Each structure stands twice: as structure tokens, then as C-alpha cells.
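Spelled out, the chains give:
Protein chains: 2
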Amino acid sequence: MLQRFNLTVIVINTGTELLLGDVLNAHLSFIAREIFPLGLRVDRQLTVPDGPAIRSALAESLEKAEIIFVTGGLGPTTDDVTRENTAELLGLELLHDATVMAAIATRAASRGFRLTDRTSRQADVPEGATVLPNANGSAPGLYLAANSTRQNKSPHLFLLPGPPRELQPMFTNLVLPILREIVPRGSAVGRRTYRIAGMGESLVEEVIGERLLGIPGIELGYCARPGEVDLRIIGEQPALDQAEAIITAGLGAAVFSRDGRNLEEVVIKLLTERKQTLVVAESCTGGYLAHRVTSVPGASAVFLAGYITYSNEAKARTLNVDPRVISEHGAVSNEVARAMAEGARKEAKATFALATTGIAGPGGGTSARPLGTVFIALAAHGASTLVECFRFPSDRQTFKELATQAALEMLRRSLL
Amino acid sequence: MLQRFNLTVIVINTGTELLLGDVLNAHLSFIAREIFPLGLRVDRQLTVPDGPAIRSALAESLEKAEIIFVTGGLGPTTDDVTRENTAELLGLELLHDATVMAAIATRAASRGFRLTDRTSRQADVPEGATVLPNANGSAPGLYLAANSTRQNKSPHLFLLPGPPRELQPMFTNLVLPILREIVPRGSAVGRRTYRIAGMGESLVEEVIGERLLGIPGIELGYCARPGEVDLRIIGEQPALDQAEAIITAGLGAAVFSRDGRNLEEVVIKLLTERKQTLVVAESCTGGYLAHRVTSVPGASAVFLAGYITYSNEAKARTLNVDPRVISEHGAVSNEVARAMAEGARKEAKATFALATTGIAGPGGGTSARPLGTVFIALAAHGASTLVECFRFPSDRQTFKELATQAALEMLRRSLL
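Chains C and W, in that order, give the protein sequences. Its first residue numbered 2, the first sequence is counted upward by one per residue in the numbering used here. Its first residue numbered 2, the second sequence is counted upward by one per residue in the numbering used here.
Heads up, a few of these hints could be off.
Chain copies aren't distinguished; within one or between two, either way the pair holds.
[What the hints assert, rightly or not] Derived EDC-like pairs: lysine to aspartate or glutamate, alpha-carbon spacing no greater than 20 Å straight-line: (1) 347 <-> 314; (2) 276 <-> 314; (3) 154 <-> 64; (4) 154 <-> 128; (5) 154 <-> 61.
In short, the hints are calculated from the structure, not lab data. Quick caveat, the model's predicted, so the values are computed rather than measured.
Using the sequences and the accompanying hints, generate a full structural model.
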């Protein structure tokens, strides 16, 4: 672990729903990514329930951290006690802030809500705190600068609202500018992430792992995702460049992205640049391939249509697959994948067609075609059709992830 | 907050990738949901980086908890130090376990990996620990019973592997049976979740909130999701029944699920029972509606086909939408949505057809058809076609969530 990050950062998330497992904690990830470019990283994170547990979490963190972010507990309900506990713990008075109150009243009026005592509590501000106005909710955020309290020593303390759509713009627009003033400049540590398709984690590590570990000052991380390995390197510029040379030489075209873009974004960009078009014909992936492609803004410039031909009849009628080919080879076969891709390409008059047919499960596997089998075909204008067979025995969603990843990767490789 | 959960539970997650924001913490949610039926809930959760930080997190938690779950840090790399730090902290020897080593060797051989010193370290077991074999990876889990160490007092301690596909089956199959022995019976506290469509959180609260809060011993939670509100109640059986009566009377058919099933599962079940079939025609939702439907195991019995007609040409050719209707009313219109649904139903010979056409953004809005506008049509055998217009101005993925939720809800209502 590099020791270049001198300020200790703690994130405290309040929320009973997090501890009951109803909601995933998205704040930690968001805050971590926002502060990283400043040379900061989160050293520790805690989740506590709504209510008085915030007090002990905050008390023990005050001693350990230079910067603390607290999320949640600023709202109007009785369980929202972050503001009060913080003030008490730091020996600060809560003062009613008329400007904040006016903003709350305006917001309530525009929505036809009436003001209650609970609502007004959100206008209480610990003495000395900077108010961070909330553009998307009632409760403002609060910032207490380090050593601004009656304590001998206190860290920089940010109290932030719980809902992500309130916290996120507040963080980007109001918290980051304050952090830029606090954090000493000059940390040249950067992070790069390489997204790699078609190779397992152990193979990636075997090809380049040892040589990367040989570079002084490089911190290395692998993250395996369905059909993908993300390789993260952290270090100073010269070390990062040295590492990049090793990665490029060792992995070559398997690296599909160096800027965070996912596989569908890379594919859509390549097609857009080449002014080429795509159609998809899906059986086992059930629309997920089309969904991934159409999740990319601007996809409509290259994506013409998708056909989800679940039934054999739909394969025949919409894609013109010969019913005899289906009965002879089975719907999950090299021949049907090929006919689906070629039929779809012709129907939509597209440059490329991708087709999938397979057995997602949980039922339906046979000894000849075990669960997780999928045939993927790529038909292209002026080229012969490629068909590959994969086996992805897994749950239904992971199967869809893996099969669509393999399909997009087949198309990407053909565009290089 | 109810005080019926007497055993304090702490979850400690190790993982630099969590603190860098590369990965969301799914372990907390999984563990919380698994232990809830036993009357346990997580009182506190901590995340620390890979490496020695586990030591202080564990040390401070030993005093506070009766049950501790640690995830991660059991693997072969140098940053994996959970096992060693735990043993040292509790004053236990690490003993090399021949059975564990044999399992690791067998697994390595079957995958063509060679054994290294690092790998063998995973066979070290603190004295007195119960080994929890790992069906999906090398490193076994470890269980140390309360007060089985040289400390005066120590909690039940579970060390679990980091990858979810290793941890989850281990937890369900091996950890839960141990917990059932540990946890005193008789806690009659239950949890029920009601999933509600077509009403906002504030409306739900207005209709039933006050009356639910009037029931003694009920803990209430709302969770707003795209196009849905989840209402969670926790309490003892009689209070839960009382609450359920209020919810049923107040919300009626807006409650689409009482057993956790999502909207697509509910719709597929209704169609399956009625032996009816579905086809979808999508423009702005780009395959996401088909994806949601086909994510339900058994969907192939009712889902015939999906047509993603992004281009006007595809709408005309595949769905037989009259090009004059498109040029007269625009592709995003009541008339085109209707024609898409009716054309798709005819093409696939289905009982029902759902169609979507709208403006997902980020570009493409006009004053007449602002960003987020979507027309949704439901065509049904022997009934007149329904068309509704919604506006969901949001990011592309949220737009898809909201539009498909509205479409599925239209279908569900027509099946009641």
C-alpha cells in the first residue's frame, strides 16, 4: 500500500435500510470516486442505524480522522438526529437559520406541503457551520471546518443528506470546492483502469502480474466481472507509464477500454465512426443485448432494430429461419444461430447482425446441449458469418451478462 | 426502534476495492437478509482496506459484539491477512490442516494450477476453529465459537471469503445452521414487505402512514424505487396482522406483491395461470421490457417475441405501422404506440401486446414532446387498445426503469 495519502478520511453512513439489506450503499462508492482525484481515499467506513448510534460512531471517528463525511439523518423525522448529536458532541449551540427556513418554506409552498415543527428543525444550524444549500431537497448539508469547535482538536466534518439525488450534486458542486482548499496540492498519484475481455483473471495475472509488481511504487488491483477483468493501477506518472507499456505489450487488443467506457459504449463508438449499422436477433438473451446497446446515448444512429424470437414460430416468421433447419438441428444450434443472424441482417438491411440462441436455464438442458450452452453468430455485409459456441453454466442473469459480453466482444474484434 | 434483538451483530468487510468505490458492498445486504428470519439484525458495519487495518477493526468490535462476520482477506495474496491477524489477536496458534490442504490441491489440479506457498497458506486454521469448506473456491471459511479462545470473553466469529459466489452458498448452507444453534428461539418478530405500484411515497404515507404508526410495536420503513414504493413493517404477529388489514383496506390493488416478487414475476405468474401469451414492441425502452420479462424463469411459456423497432422503417416493416401515421403524428405519439401494439399482437398471434415509444434522452426533446415523454399501449385479444402518456424526465436507465414499470403495471391491472 502506498503511503501518499496523508489525510485520514472516514465515511459514516446512517440508515436502518442499509443494515436491513433493503438498499445497497451507493454513497461510499460515489464519495470515494469523487475525492480520489484530490489524492484522498477513504480509510474506513461505518454504517450505523438511524437514531442515536450516530453519536458513538462520530465520537470514535473524531479522534481518528482529518476529514469525516456523514450521510443521512438530517431529515424531518424523529429518527433524524445527526445534526443534534453532532452539535452536542462538539459542544456547539444549534441556531435557527432564517435563510435556510425561508428556503424550506418556499420549497414546501411550491409543492403544496404545510410546514410542521418537524420540518422547521431542518433549519437548525450548529454555530460556526457553513450551510450547503440543497438544490433537490429540504435539509441542507452542513460543513464544520477543522478546529472550529470548542474541542481541542476536531476534523473537517461534512454532514450530508441521505438521498443520493440530493447528496450527489451537493457533493460535486459544494463539497469538492471546499476540499480543494483543504487538501495540500502536489500529490501526483493517479489511477488508471484497463478493462479486459476474453481473458480470465488468473491468465491476466500470469501474463503481466509479475512484471507489474516489479515496478516500484505501483499499487495493483484486479476486479473480475462477468466476462471481463478490470485491472487497476495506482501510482505516480512515470510508474504508470511504465506499467502501461507492459500492459499494452502483454495484453494488446484484449484491453477494450482505458477510460472507463464499457464494452457496448466502445462498440457503438466504433460503429458510429465507421457509419455502420447493427441489428440483433436474440433468443436466450431475451432483449438484454438490445438493452445494453440502447443504453448508450446516441445508439439510435447505428442500432436499427432487435428481434427477440423466443418461439420457433417467431424465428421462422420474423427472421425467415427455415423450420426444417430448426427441426433438423434444434433451436440451440450453430445452424440456427447462423440463420438468425443472416435473416436479421437482411430484414433490417444492417451492416452487422448479432444473434444468440442457447439455454439460460434453470430448466431445459440436455446431455447434448447442457445448461448454459449458447451459440453466438455474427453476420456482416460482404463477409462470411462467424458462429462460436460457449458454455456459461450460471444463474439466469449472469448467463445473460456473459452471453451478451461474448457477443459484443465478437463484434468489437471484427471492427479492429 | 424495537429492542427485541438482543445479540449485537457486527459485519466487517475488508476490501480496498470497496473503499476506492470500484465495487458496491453486496455482502452487507446479503447477510442482513439471511439473518433477519432468526431475529438478528446488523447493528454496525465497517469497511477497512485489505491489509493490517483488519486488526484494529476486529479488536474494537470484539468488545462490542456477540456475533461478528468478517468478509474477505482469506485468499492467497500478500494483502490477505484476516486469518493471521485474527489468530494473533485472539492468542491462537495457526495449525496447518491436512484435509483443507488436500481440498486445495485437488481443486488446483483439476484446473491445471500449480500449488505455491501462497496457496498453501489458505490451509492454515486457528486452533479450535471449525472449518467451513468452500464449494466454489480455495479458501475455506472459519468459525470460532464464543469464548473458545484464550481471551476472557470473545464473540462468535465467522471469517468468510470475499467473492460473493463463494460467500453466499457457504453462508446459506453452513453458517445459518450454526446460527440456528446459537440464537435463542422464541423471538416472534417478523418482517413483511409490500410492493406498491402507481403511487408515490408521500401518497402512500398520506393514505396509511398515520394509522400504521398508531399500532403499538410496529416499526415502519418506506423505500422508494423507480416506479415503486416498498413498505416494510417489522413487529410481532398480531401487530403485523393489524397493520396488514390497514394496508389492504387503504391501498387495495396498488399492492402488487406481498412475498418479495417483482412486477415482472407477478405478471408472468398471472399470464401463466390464465394460459395467455405476451409480445412486446419497444422503441425507447430498447429491449429492457423484454429483458425484464425474460429474466423470470419460465417466461418462455408465455412470452412469444419482442420487436425492438428503433427506426421508423423497422416499425413499418416488422409491425406494419402505416408510414403515413408516423409522418402525420410523429413516431412518439398516441397513434404510433397504438399501431405498434396492435401490429405486434397480430404478428405474434399473442393475447396481449405492450408497446412503448418515447424520448429517453439525453437529446431529442421538443416543446410538444419534451424529454422523458413516453406513450405506452396495451393491445388485448377481444378488447379495445389502451394508450397512456407519461413523462419521466430522468437519466436514460431510470427512464427505462420507469417506462417498463408503467407498462407492466398497465398489463397487471388489466389481468386483475
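Here is what the structure says about each hint:
no. : hint        : verdict
1   : 347 <-> 314 : both (18 Å within a copy, 13 Å between copies)
2   : 276 <-> 314 : between (33 Å within a copy, 18 Å between copies)
3   : 154 <-> 64  : within (8 Å within a copy, 27 Å between copies)
4   : 154 <-> 128 : within (16 Å within a copy, 43 Å between copies)
5   : 154 <-> 61  : within (13 Å within a copy, 22 Å between copies)
The earlier numbered hints are all upheld by this structure, with none contradicted.
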